[in-house]
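**Student:** Quick note, the sequences are listed as chains A, B, C and D, same order. Just so you know, my numbering puts 196 at position 196 of the first sequence, and the rest follows in order with no gaps. Each number in my numbering comes from the position in the second sequence (counting from 1) with 1000 added on. Each number in my numbering comes from the position in the third sequence (counting from 1) with 2000 added on. Each number in my numbering comes from the position in the fourth sequence (counting from 1) with 3000 added on.
Everything labelled a hint here was simulated from the structure, so no lab data went into it. Ideal Cβ positions, reconstructed from N, Cα and C, are used throughout, including at glycine. A portion of the hints provided could be inaccurate.
As the list claims (entries may be wrong) - Some, not all, of what chain B presents toward chain D, calculated at C-beta under 8 Å:
no., residue
1, P1031
2, P1032
3, I1036
4, G1078
5, T1079
6, P1221
7, L1345
8, R1346
9, R1348
10, A1349
11, C1351
12, G1352
13, D1353
Protein chains: 4
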Amino acid sequence: MSSNSFGQLFTVTTFGESHGPAIGCVIDGCPPGLAITPEEFRHDLERRATGKSRHTSARREADEVEILSGVYEGRTTGTPIALLIRNTDQRSKDYANIAQQFRPGHADYSYWQKYGIRDPRGGGRSSARETTMRVAAGVIAKKWLQQRYGVQVRGYLAQLGPVTPRAFDWDAVEQNPFFWPCAEQVPELESYMDALRKSGDSIGARVNVVADGVPAGWGEPIYGKLDGELAAALMSINAVKGVEIGDGFAAVTQKGTEHRDEMSPQGFLSNHAGGILGGIATGQQVTASMALKPTSSLRLPGQTVNVEGQPVEVITTGRHDPCVGIRATPIAEAMMALVLMDQALRHRAQCGDVGEVPPHVPGTRGG
Amino acid sequence: MSSNSFGQLFTVTTFGESHGPAIGCVIDGCPPGLAITPEEFRHDLERRATGKSRHTSARREADEVEILSGVYEGRTTGTPIALLIRNTDQRSKDYANIAQQFRPGHADYSYWQKYGIRDPRGGGRSSARETTMRVAAGVIAKKWLQQRYGVQVRGYLAQLGPVTPRAFDWDAVEQNPFFWPCAEQVPELESYMDALRKSGDSIGARVNVVADGVPAGWGEPIYGKLDGELAAALMSINAVKGVEIGDGFAAVTQKGTEHRDEMSPQGFLSNHAGGILGGIATGQQVTASMALKPTSSLRLPGQTVNVEGQPVEVITTGRHDPCVGIRATPIAEAMMALVLMDQALRHRAQCGDVGEVPPHVPGTRGG
Amino acid sequence: MSSNSFGQLFTVTTFGESHGPAIGCVIDGCPPGLAITPEEFRHDLERRATGKSRHTSARREADEVEILSGVYEGRTTGTPIALLIRNTDQRSKDYANIAQQFRPGHADYSYWQKYGIRDPRGGGRSSARETTMRVAAGVIAKKWLQQRYGVQVRGYLAQLGPVTPRAFDWDAVEQNPFFWPCAEQVPELESYMDALRKSGDSIGARVNVVADGVPAGWGEPIYGKLDGELAAALMSINAVKGVEIGDGFAAVTQKGTEHRDEMSPQGFLSNHAGGILGGIATGQQVTASMALKPTSSLRLPGQTVNVEGQPVEVITTGRHDPCVGIRATPIAEAMMALVLMDQALRHRAQCGDVGEVPPHVPGTRGG
Amino acid sequence: MSSNSFGQLFTVTTFGESHGPAIGCVIDGCPPGLAITPEEFRHDLERRATGKSRHTSARREADEVEILSGVYEGRTTGTPIALLIRNTDQRSKDYANIAQQFRPGHADYSYWQKYGIRDPRGGGRSSARETTMRVAAGVIAKKWLQQRYGVQVRGYLAQLGPVTPRAFDWDAVEQNPFFWPCAEQVPELESYMDALRKSGDSIGARVNVVADGVPAGWGEPIYGKLDGELAAALMSINAVKGVEIGDGFAAVTQKGTEHRDEMSPQGFLSNHAGGILGGIATGQQVTASMALKPTSSLRLPGQTVNVEGQPVEVITTGRHDPCVGIRATPIAEAMMALVLMDQALRHRAQCGDVGEVPPHVPGTRGG
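All chains, full assembly: derive it from the sequences and hints.
**Tutor:** Now the structure itself:
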């Protein structure tokens, strides 16, 4: 499968460079009959958009989605759904001076080594601009999962550099530009970000994403494991350096008696596993976490080389988020939704639909 | 692609249950002309084998590999290589009493929810027995990577519960049953494990795996990223709950000036990225780390339910490792080798062989 | 996907050379709960077997199938089903003298050009021996299609060189070694084959294969069309040089008024299309036909070259069918069954199970 | 892989309905550095276009290709190439009255059975409009094959209903609107088509397509055979009902001494095989042929049913070719080019580039 496609049965193929004419995607395998309008993409695209607050980069993107195919009279027809967004605010001149050098921490050098040619404008294909289409495709997956199976996918910012939430409230998450689950900390985060921006530096972050209502039985053994695919999906997001399922790295120092999730007739007694055993959903909440590195686009000078291998100093003068993790939350949600959607289709291919699986254990949310 | 297959061009399909007649794999896409004998599998299979020391489970497996196809007069022919290992030491009676109940922390319940039927003997398909074939396939990948490109893949145990290495020496790793990089700590580890076994409990671990000599340019953009595929590969190993590339979760609290790897005419000045930028290798060492949970097979009783949903108590009486992470090192190496082998073939499909890419930056290990 | 695998969701991977230790296959994606025993493979394997009559080659193969995995207490578990057949009657000496030359009409030369190495014993991987595993996998597909949806796949020999059937009777097909649908012609065919064998030459053939009961709606648009996949499946059988769906090449000289299948409330009025429109089943009988070339293994001498490029004369002295098309019937059935099984799973993945599609047109066999 | 994608390494995903806003494709896996401009698509798109002569339908399509991504400063960058064509001449009113009924011989009924919903405007996704993007993608494949390996793909109309060529001249093919290889027959064909159009009926056709310069060794064994993939590729073209490789169905009545292609130090002595043995190219010309049915869109009335299952009469009043085979020639060329391009990349992935394969037999065009 091509490396710009994601999913086996709900297959999303994205295309487009940061400063090319357009970005877009083709979604193949969507069940027919799902109602969808261009307006439905707006909410999640705005959640992801740069320019949403003064804490994310100043580039303003209209991000108006055009549906080119696969939808007739407002419903999906089962044929490929193509979505297109024109790039309207590219400011190529911002990037002209870095075409001949490799920005540290960016894909400039590795792309050039791979292909011998690269589009230097705004990072080209390696720009996070591409994730816009993941979010758009995720809107469709989220809607179908919710309507068909009652599955809900949600994420939040779980750490901003040294800051961790003091309380947790889902309602708070959507009411601040950080997707932060503790409302009273928001002023603190704003101060932190203001100081960071002044310093010219950037900071890492952690995003958590969970799915409620996932039927027990979704996921596949061995190499198509639900956790394996989540790991690939989240690690494929720009700047992500680590992925955890359930307790993640905390499990390194746990005892077996502490980690194993015991069961009772009323259901599981804990969820250290993150809702997945042997790669297959248990019916509990599916939980994942990911680490994002600090952006490497800084106003502080750094050493690098140019395409001739000579030493040069690089300074980023364009618009850039000092914490790329802030707007990664909707992207993480989208990737989890894409994984679940694909697994849902694969499950009913082999095992029939949910209603066909055997009765579940009393007290658990079974198949 | 089927969920029991791994890799797009160097495709490994495994089959077999823990206590069925045999386990095996089919490797498709291997370049022709590679010398390979049944004896070459022995070293890594022994490194992975249970029964290797008193710190891993007592089951003794002969693990004699039979080459069924794809090799003629000692060389690969380009056709599928099938490898077979008969299961000779199954002791099914150990497991007979747990066929009707779900072991906490195991895949019993999720498999049963998915398929409505399961092979309960030794965990069936979800047993780590399957990883034997990953190691076998990895032997071929490792050999080809070494011969063709000089790539070397190595791993070690980086944490055993609370214990971390006090020193690092590659030579030490292969000289103790823990794959531990600090020789003087081995007695300490043995004491720790003896006490743990007596307690009936188990412990988590961390394994690191690295690749030296990976040419800059291997890896693919967006969804076929080298780090994304490593994440999937490592997370697909039994008991793994977290994966890191480069600095991993440490990046959450790093500043951009700290994390970004600056470059000079002599090469990169650091390697926080783990040798991968934008999903593509930079020519530096590729580094990954994974967290393994403590095994859930304990002699200490736990609560669970049976297939009728009634509460029962479960105790594991069979042979089990109190730390499954100990023998995960060769499995992690195998998975990294399979990912790199596949990426190597994909790279030369699209971009031609290494020699065709442009000259590299002076001082770096380029394409 | 590897070139030795067939099917996206019901994936069959075969391995093995004609004169290696064994041939086998791994079937991934089979729905759980299907009853299957080793004995069930026997009937179709005997139909395919060489040595079945004096009109097919004298090699006797036991073809005893061992089930290595994926079946527990007589039922499929949803995990990969591995099947193994040991090669017991290899007579490698028959082939020793042709290791250094290329047999005309065989894959010797093209394999050698591709891989630079080949297993010359009995054609190695390119031998029709490989089709044994297609037939074995087809047994499982046929059974599931019949049990789950009432689909029946059947084939027959439709032409033997110049001879065509004078009458058609399904009951006759299984009662003669030619799979010939007209019982009274069987003595004529035997005489034809006896004379052919004496002459040392060989002859081509045509095999037809049909499926009854295929639900309207199976098949996918554009590149996953049911007819496109049937064409690939049948063309992939050794010696096949042409494939037709429905009227096939006769359509070249047909008028539109003659070819288009009109519809009435009682259903379609004809079936020139072969049960497929736009790549998707109409609910009518699915019909396909394939042309098989005469085998190139002849006792009559032919010109060729050796690996040094020098001219040599080649004579085949081993066991060979003078008409390979005779035993292609069960292979064609197996390939059609594999295509339909895969399409069935793909259809219910995207569109839900048959019961979920809209009511069909009165008088047709609808979804 | 999604059913709207073609090729494993050079992957073309098409989207769009006949009367939707646009059609397009995404090409993933193209080698970097290939020069390409929007103008280069024009020639083949005009060859395919309706409205090219009075013998094809009157719809005029601008078919201006916009390159949305994957090309920087006129060269491919290795990232996905998205191509877009706006639909500008849709005339939806032509089709409004057939939304409630099923046109005989069209995919209306099967799509409706599959999805329970369909876009009735101009056949929606099942329209031959989709093939425009195959031709566009084929332009890139043809150019790369020609530049990199000297491979040339060409096709011609080999039969128009009852008429067959009296002579063969490649130069003639591109100088008449039929792609007919015998110039003196063109007036005869024009008279035939004029009479056919007056009658309101349509006619079938045969198209041949060949590739010169294909290196020996391209193609893969068993299920990825070059002939198997050509069969799928050609059968996936709208209206195709049969595919032949080499001698095709003529092989049914051939003797082995007649069919097998003998070899000499100067090369093969004949090419009944069509340049493929065991699924792998021999270095000879690769030859294929396909049968196209007469279009079912006729001015002559036909019986059908509406969505309520009631009998109705259907007449097609819109623009339609009386012989869809006429403009199938560039489509067949494109599909052959896509197959060869994909096989070329797969070959160099496993076996290295052409220069690495062993020396060829004297007198043949070897690897």
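**Student:** Next, verify each hint and record whether it holds.
**Tutor:** Results of checking the hints against the structure:
no.: 1; hint: P1031; in the structure: 6 Å, holds
no.: 2; hint: P1032; in the structure: 7 Å, holds
no.: 3; hint: I1036; in the structure: 16 Å, violated
no.: 4; hint: G1078; in the structure: 6 Å, holds
no.: 5; hint: T1079; in the structure: 6 Å, holds
no.: 6; hint: P1221; in the structure: 6 Å, holds
no.: 7; hint: L1345; in the structure: 4 Å, holds
no.: 8; hint: R1346; in the structure: 7 Å, holds
no.: 9; hint: R1348; in the structure: 6 Å, holds
no.: 10; hint: A1349; in the structure: 4 Å, holds
no.: 11; hint: C1351; in the structure: 7 Å, holds
no.: 12; hint: G1352; in the structure: 6 Å, holds
no.: 13; hint: D1353; in the structure: 6 Å, holds
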